[in-house]
Amino acid sequence: MAEPEGSIGAKTVVRGTLKGTGAVKVSGQLEGRVEIDDAFEVNSEAQVDAEVHAKSVRLEGCCRGSVHAQRLILGAGGFMAGEAVVEEFQVEEGARWGGRLRMKLDLPSGVESA
Amino acid sequence: MSKTFIGPSLTVEGDVEGEDELVIAGTVRGARVQGKEVLVEKGGQVEASVEADSLRVSGRVQGNANARARVELAAEGQMEGDVRAPRVVLADGARFKGHIETGIE
Chain L
1 MAEPEGSIGA
11 KTVVRGTLKG
21 TGAVKVSGQL
31 EGRVEIDDAF
41 EVNSEAQVDA
51 EVHAKSVRLE
61 GCCRGSVHAQ
71 RLILGAGGFM
81 AGEAVVEEFQ
91 VEEGARWGGR
101 LRMKLDLPSG
111 VESA
Chain P
1001 MSKTFIGPSL
1011 TVEGDVEGED
1021 ELVIAGTVRG
1031 ARVQGKEVLV
1041 EKGGQVEASV
1051 EADSLRVSGR
1061 VQGNANARAR
1071 VELAAEGQME
1081 GDVRAPRVVL
1091 ADGARFKGHI
1101 ETGIE
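One line per chain: the protein sequences are L and P, in this order. With my numbering applied, the first sequence has no gaps in its numbers, which climb one by one up to 114 at the end. With my numbering applied, the second sequence has no gaps in its numbers, which climb one by one up to 1105 at the end.
Just chain L, same shape as in the assembly (with noise of 0.2 Å):
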């Protein structure tokens, strides 16, 4: 990830909703909505509790809430618990999941959606 538009500290609890253009990384405490059209990623330590919506989001920590992103990644240490609508989705070894999975997907024809 280049250097971030923003960065949120181990030390630092936003409560509410983070908009913008960039990049956001989030290494304390989030609580609330994020909406950003680049990168959002959560650090080891950290902990999201929000409707993120992103370009991409990679979980290296704990995220409880929903996930709507083109592509969401969940690291060797992530955590999510919630919902996630992605186009693309990767799980490294190690990661934990617990939630529901929709994915924006063209069906082969003659293949109903369940």
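Derived from the structure by calculation, the hints contain no laboratory data. Any given hint might turn out to be false.
Unchecked claim - Computed list of lysine-lysine pairs in BS3-like fashion (alpha-carbon distance at most 30 Å, straight line):
#1 L:Lys55 to L:Lys104
#2 L:Lys55 to P:Lys1042
#3 P:Lys1003 to L:Lys11
#4 P:Lys1036 to L:Lys19
#5 L:Lys11 to P:Lys1036
#6 L:Lys11 to L:Lys55
#7 P:Lys1036 to P:Lys1003
#8 P:Lys1042 to L:Lys25
#9 L:Lys25 to P:Lys1036
#10 P:Lys1003 to L:Lys25
#11 L:Lys104 to L:Lys25
#12 L:Lys19 to P:Lys1042
#13 L:Lys25 to L:Lys55
#14 P:Lys1097 to P:Lys1042
#15 P:Lys1042 to P:Lys1003
#16 L:Lys104 to L:Lys19
#17 L:Lys55 to P:Lys1003
#18 L:Lys25 to L:Lys11
#19 P:Lys1003 to L:Lys19
#20 L:Lys55 to L:Lys19
#21 L:Lys11 to P:Lys1042
#22 P:Lys1036 to P:Lys1097
Said to hold, decoys possible - What follows is a list of derived Cβ distance ranges for each label pair:
#23 P:His1099 to L:Arg102: 51 to 61 Å
#24 P:Arg1095 to L:Asp37: 31 to 41 Å
#25 L:Leu101 to P:Asp1082: 30 to 40 Å
Don't be surprised by glycine CBs; every beta carbon is placed ideally from N, CA and C.
Place chain P on chain L using the hints.
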């Protein structure tokens, strides 16, 4: 010391609280902003009460400020609210509306 940075294109509608160095170049609109050293950079806007060890404002602050050590309003800074800190600096050219209380011995 870890750092929190709100870039120019970011807005927080809510509170930012903690013990980090807090640099605001974007916008924070809420009830409370708290950090160890709080810097409101040129172009940065805060609409909230601010609590810090020290506060330096080169942007705009609307809200009361309470600092344990120092508040500095730089020449390009603008502030509306009451300031309470043992040391207060208003640079030549700074805009300020409110009360200042340093306390007396």
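Consistency of the hints with the structure:
Between lysine 55 (chain L) and lysine 104 (chain L), the direct Cα distance comes to roughly 14 Å. Compliance with the 30 Å bound is thereby established for this hinted pair. Pair hint lysine 55 (chain L) plus lysine 1042 (chain P) holds up; C-alpha atoms about 28 Å apart against a cutoff of 30 Å. Among the hinted pairs, lysine 1003 (chain P) with lysine 11 (chain L) is consistent with the structure: their alpha-carbon atoms are about 8 Å apart, no more than 30 Å. Simply put, lysine 1036 (chain P) and lysine 19 (chain L) have alpha-carbon atoms about 24 Å apart, close enough for the 30 Å limit, and the pair holds.
Simply put, lysine 11 (chain L) and lysine 1036 (chain P) have alpha-carbon atoms about 10 Å apart, close enough for the 30 Å limit, and the pair holds. Distance hint between lysine 11 (chain L) and lysine 55 (chain L) is fulfilled; the C-alpha atoms sit about 26 Å from each other, no more than 30 Å. Pair hint lysine 1036 (chain P) plus lysine 1003 (chain P) holds up; C-alpha atoms about 10 Å apart against a cutoff of 30 Å. Of the supplied pair hints, the one linking lysine 1042 (chain P) and lysine 25 (chain L) holds, its CA atoms being roughly 22 Å apart against a limit of 30 Å.
For a cut-off of 30 Å, the pair hint linking lysine 25 (chain L) to lysine 1036 (chain P) stands: about 20 Å separates their Cα positions. Using a Cα cut-off of 30 Å, the hinted pair lysine 1003 (chain P) and lysine 25 (chain L) holds, with the two alpha carbons roughly 11 Å apart. Proximity of lysine 104 (chain L) to lysine 25 (chain L) is assessed by CA-CA distance (about 25 Å); at most 30 Å being required, the pair is judged to hold. Under the criterion of a C-alpha separation no larger than 30 Å, the hint pairing lysine 19 (chain L) with lysine 1042 (chain P) is consistent with the structure, at around 20 Å.
For the proposed pair lysine 25 (chain L) and lysine 55 (chain L), the alpha carbon gap of about 13 Å is at most 30 Å, so the pair holds. Taken as a hint, the lysine 1097 (chain P) and lysine 1042 (chain P) pair is honoured in the structure, with Cα atoms around 18 Å apart against an allowance of 30 Å. A threshold of 30 Å between alpha carbons decides the hint, and for lysine 1042 (chain P) with lysine 1003 (chain P) the separation of about 18 Å falls inside it, so the pair holds. Proximity of lysine 104 (chain L) to lysine 19 (chain L) is assessed by CA-CA distance (about 24 Å); at most 30 Å being required, the pair is judged to hold.
Proximity of lysine 55 (chain L) to lysine 1003 (chain P) is assessed by CA-CA distance (about 24 Å); at most 30 Å being required, the pair is judged to hold. For the proposed pair lysine 25 (chain L) and lysine 11 (chain L), the alpha carbon gap of about 14 Å is at most 30 Å, so the pair holds. Note on lysine 1003 (chain P) and lysine 19 (chain L): the hinted pairing holds, with a Cα-Cα distance of about 19 Å set against a maximum of 30 Å. Only pairs whose Cα atoms come within 30 Å are accepted, and lysine 55 (chain L) paired with lysine 19 (chain L) is accepted, the gap being roughly 12 Å.
Between the alpha carbons of lysine 11 (chain L) and lysine 1042 (chain P) the distance comes to roughly 24 Å, so the proposed pair stays at or under 30 Å and holds. A C-alpha spacing of about 24 Å is found between lysine 1036 (chain P) and lysine 1097 (chain P), which places the hinted pair at or below 30 Å, so the restraint holds. Restraint check, histidine 1099 (chain P) to arginine 102 (chain L): a C-beta distance of roughly 54 Å satisfies the suggested window 51 to 61 Å. Look at arginine 1095 (chain P) against aspartate 37 (chain L): about 34 Å separates their beta carbons, and that is inside 31 to 41 Å.
Range check, leucine 101 (chain L) to aspartate 1082 (chain P): about 51 Å between beta-carbon atoms, so the 30 to 40 Å window is missed.
The structure shown violates just one earlier hint, number 25.
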